[in-house]
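**Q** Residue-level listing of the chains:
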Amino acid sequence: VAVNAETVVARPAWYEGRYTSWLVTTDHKRIGLLYISTSLVFFVGGGVLALLMRGQLATPNEHFITRDHYNELFTIHGTTMVFLVTVPILAGFANYLIPLMIGARDVAFPRLNAMSYWFFVFGGVVLYLSFFSASGAAKCGWTCYAPLNETQYSPGHGVDLWILSLHLLTISSLAGAINLITTIHNMRTRGMTWTRLPLFVWAIEIYAVMLVIVLPALSAGLTMLLLDRRAGTHFFDPAHGGSAILWQHVFWFFGHPEVYIMILPAMGIVSEVIPVFARRPIFGYKAIAFSTVGIGFVSMLVWAHHMFAVGLPIWMQSFFMLTSIAVAVPTGVKIFNWLATTWHGNISFDTPMLFALGFIAVFTVGGLSGIFLAAFPVDWQVTDTYFVVAHMHYVLFGGSIFGIFAGLHYWWPKFTGRMLNETLGKWTFWLLFVGINLTFFPQYLLGLEGMPRRVYTYSEHGSWEVYNFISTVGSFVMAIGVFTFFLNVVRTHALRHGRRAGNDPWQANTLEWYTTSPPPLHNFENGLPPVTSARPVRDLRIELEEKGAL
Amino acid sequence: VRRRTLVLATSLAGAFALASAAAASNGGIAPVPPVSPNGQRITEAYWVILGITGAVFVVVEATLLTFVIRYRRRGRPRYQEGDQIAGDRNLEIAWTAVPVLLLAAVVAFVFYQLPGIKNVPPASASGGPLDITVEGHQFYWLFKYPSGRESINNLFVPVDRVVELKIVSADVAHSFWVPAFGGKTDAIPGKTNHTWFQAKKAGVYPIRCAEFCGILHTNMQGSVHVGTTPAPESGLGKQAFEGVCASCHGLSGQGDIGPAIATSPTLQDPKALRALLHDGKGLMPPVGDTWDDRLTNAVIAYLGQRFGGSSGG
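So the protein lines, in turn, are chains R and B. If you're matching positions, the first sequence starts at 1 in this note's numbering and goes up one per residue. If you're matching positions, the second sequence starts at 1 in this note's numbering and goes up one per residue.
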């Protein structure tokens with residue numbers, strides 16, 4: 001049947017349904033909320049896997065979980081937290097906030113945006129359904145080193161489904177990143193120059209550029225692995241002329257920048273929150289923006305610091321030590337600028353601010369412990385132990401997840417029009433703050449005492465027993481903290497206790513606070529204030545005050 | 001309420017930290033006490049880095065606490081603005097340059113220690129280096145001595161003798177680690193790595209596999225026996241059974257992740273057993289594919305003797 005180009009295709013009624021409309025939405029705000037809520041579901045899933053592991057390790061010679069299942073748990077926990085929680089929840093924040101912050105009505109490619117989201121959902125579903133495959137889920141760690149990842153050593157379809165899941169997720173992230181870059185470059189409102197962009201937008205710009213550069217390496221590596229497993233090639237099989245180390249290079253060329261992909265946007269959130277609650281301009285705007293670019297660039301030159309023990313030439317290890325240590329400089333610049341932002345401020349300790357300050361306190365520990373891992377002879381001693389587990393969780397939970405919680409509490413009023421409860425918010429923060437230190441600080445000590453990572457049990461008593469037990473207690477404190485957050489959400493919405501937020505509950509600086517909460521379909525129905533600085537909403541507020549209109 | 005929560009949380013965390021420090025026998029912030037010179041130098045580098053990063057930690061956290069307390073709202077109107085100072089070039093230069101200097105100190109100390117960590121010491125009074133090959137297998141370590149002798153999971157070396165290790169893998173990636181001797185060296189198929197140690201004190205030091213290598217990774221442990229005479233060669237079959245077969249089939253052959261073997265007729269069939277060890281079968285890896293005849297024969301003899309002649313294990 002020929003269709004006249006001018007015919008408007010009638011849309012079925014369910015497209016407009018209260019719930020079903022979410023299935024077909026291309027609105028960046030709705031897609032952002034879908035990303036965030038789906039990631040939170042996976043966050044609970046990955047967290048339950050972690051609690052099962054901590055339960056197994058609570059005491060020596062525990063048999064609560066079998067070896068095989070333990071190996072599945074840490075594989076899927078790591079994959080979940082990286083690919084299904086941190087990266088997509090940040091994509092959710094970016095989706096929701098970037099168009100609002102730059103004064104646009106949507107992202108550049110709304111339908112591509114919807115596709116990215118649904119690929120993410122399918123990728124996550126494939127990963128979790130892989131538990132039900134005949135031989136169970138992948139059990140080779142989230143890094144899935146060669147040649148353990150080959151069919152000879154990992155028979156069954158666990159690894160194949162892991163590859164399928166990651167392929168879907170890389171396509172999702174790649175399309176999302178291209179969308180964000182195009183939006184930031186082309187859709188800024190008049191006056192929104194690069195030096196007036198909110199620092200969160202800067203962070204997302206670098207996040208997206210890095211994804212575009214490094215994700216293809218992961219996709220290529222996954223494809224080669226799939227060919228090895230199912231088409232008879234031998235890229236990573238040394239028995240047939242392949243190279244086991246090649247997998248490590250490919251994986252970490254993607255994998256290390258991925259760490260910064262997860263931390264830079266969280267740093268962007270902190271850079272938004274601290275000035276608002278300290279009532280100060282961000283200190284050193286350009287220094288922070290430039291350090292974001294610097295971290296992004298250098299982070300692509302550090303990958304082999306994950307491989308110091310594989311026997312690379314000393315000159316190469318020296319190079320990767322220098323680059324890895326160099327990352328500490330721009331990171332330090334950010335920390336010092338945030339500290340300076342609180343100097344002579346008027347600080348309110350609302351939950352977003354607590355998480356932002358908690359980020360500085362905890363991330364600093366994680367960042368500093370990275371120096372030990374960059375100094376390669378010391379790395380030979382502490383790598384692949386619980387020292388590394390502690391380091392990465394201080395950075396990714398104390399960093400990324402604290403930043404994300406700061407963002408959730410900060411923008412929740414914008415997302416929903418309702419304020420979260422402050423008392424419950426403070427409980428969430430303190431439980432997570434105490435919990436993370438109880439869980440992960442003893443793990444530094446365990447690593448120093450020689451406990452390797454990825455072991456399902458241990459027979460050592462004494463300090464190992466004590467530290468592991470404390471760590472398990474801490475993990476449950478964290479779980480209660482996360483539960484408190486969900487309780488807060490339920491109280492605010494299901495029980496309808498949330499106060500109305502108004503447009504701008506925090507008296508903030510950036511354009512998303514100029515529109516209603518939640519914003520209308522195309523964001524700014526009454527136009528935009530002129531943008532003549534990095535704080536257009538503050539400028540407008542001052543102007544109105546001077547006119548006596550406020 | 002806020003301050004009480006803070007005090008409570010801090011004291012709780014502090015109490016746990018103290019309890020753990022008290023309970024830890026040799027635990028704490030130091031790595032495993034090193035007994036080899038390269039491990040000693042790594043530990044020295046560790047202390048230097050801990051000193052520098054510890055100082056930075058104290059500065060950052062103290063500044064954070066000071067500012068947070070000093071510049072809290074304290075009765076001022078909520079939206080009253082603080083000083084509108086947006087930056088300072090000299091400060092930016094300072095907190096870029098000072099970390100660069102501190103990190104340069106770390107790098108300099110690492111390079112200063114590096115030769116003593118990496119280079120094998122020259123021959124000493126106790127003789128030239130002892131060359132031992134370490135073969136990583138799923139899930140055991142096979143040691144090959146210059147004399148042609150072999151041992152499984154237990155490595156025997158003299159006190160104060162420089163030992164050079166050639167580290168290889170027969171299947172997947174492993175990582176050879178004696179925490180008391182210093183760093184890890186990965187055993188990677190298709191690659192030969194080298195490391196060394198010189199154990200200054202007699203004793204037994206645990207060996208751990210540090211790279212996840214499959215279902216029994218956790219059990220891939222062993223010991224370095226410094227200053228102990230190696231077990232007699234006649235014990236080789238027993239060693240291999242306990243270190244290799246028993247991890248899957250149980251110490252009495254009762255079965256675990258592998259089937260029960262105690263009554264298996266294959267144990268009494270040297271030819272079939274030889275093929276099984278060399279080629280593997282089904283889920284059983286070819287555990288003995290790199291074994292020489294002596295080792296294979298020792299295992300076959302041990303199995304025949306241990307499980308032969310009776311109807312049950």
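Please note that the accuracy of each hint is not assured.
[To be verified] Which chain R residues face chain B? A few, computed with CB under 10 Å, are given here:
hint : residue
1    : T38
2    : V41
3    : F43
4    : F109
5    : L112
6    : S154
7    : W252
8    : G255
9    : I335
10   : L339
11   : G498
12   : N503
13   : Q507
[As the list claims (entries may be wrong)] Footprint (simulated), chain B over chain R, 3 or more residues, beta carbon under 8 Å:
hint : segment
14   : 67-80
15   : 124-137
16   : 174-188
17   : 272-285
18   : 345-351
19   : 362-370
Everything labelled a hint here was simulated from the structure, so no lab data went into it. Backbone N, C-alpha and C define an ideal beta-carbon position, used for all residues, glycine too.
**Q** Which hints, by number, does the structure contradict?
**A** 1, 2, 3, 4, 5, 7, 8, 11, 12, 15 and 16
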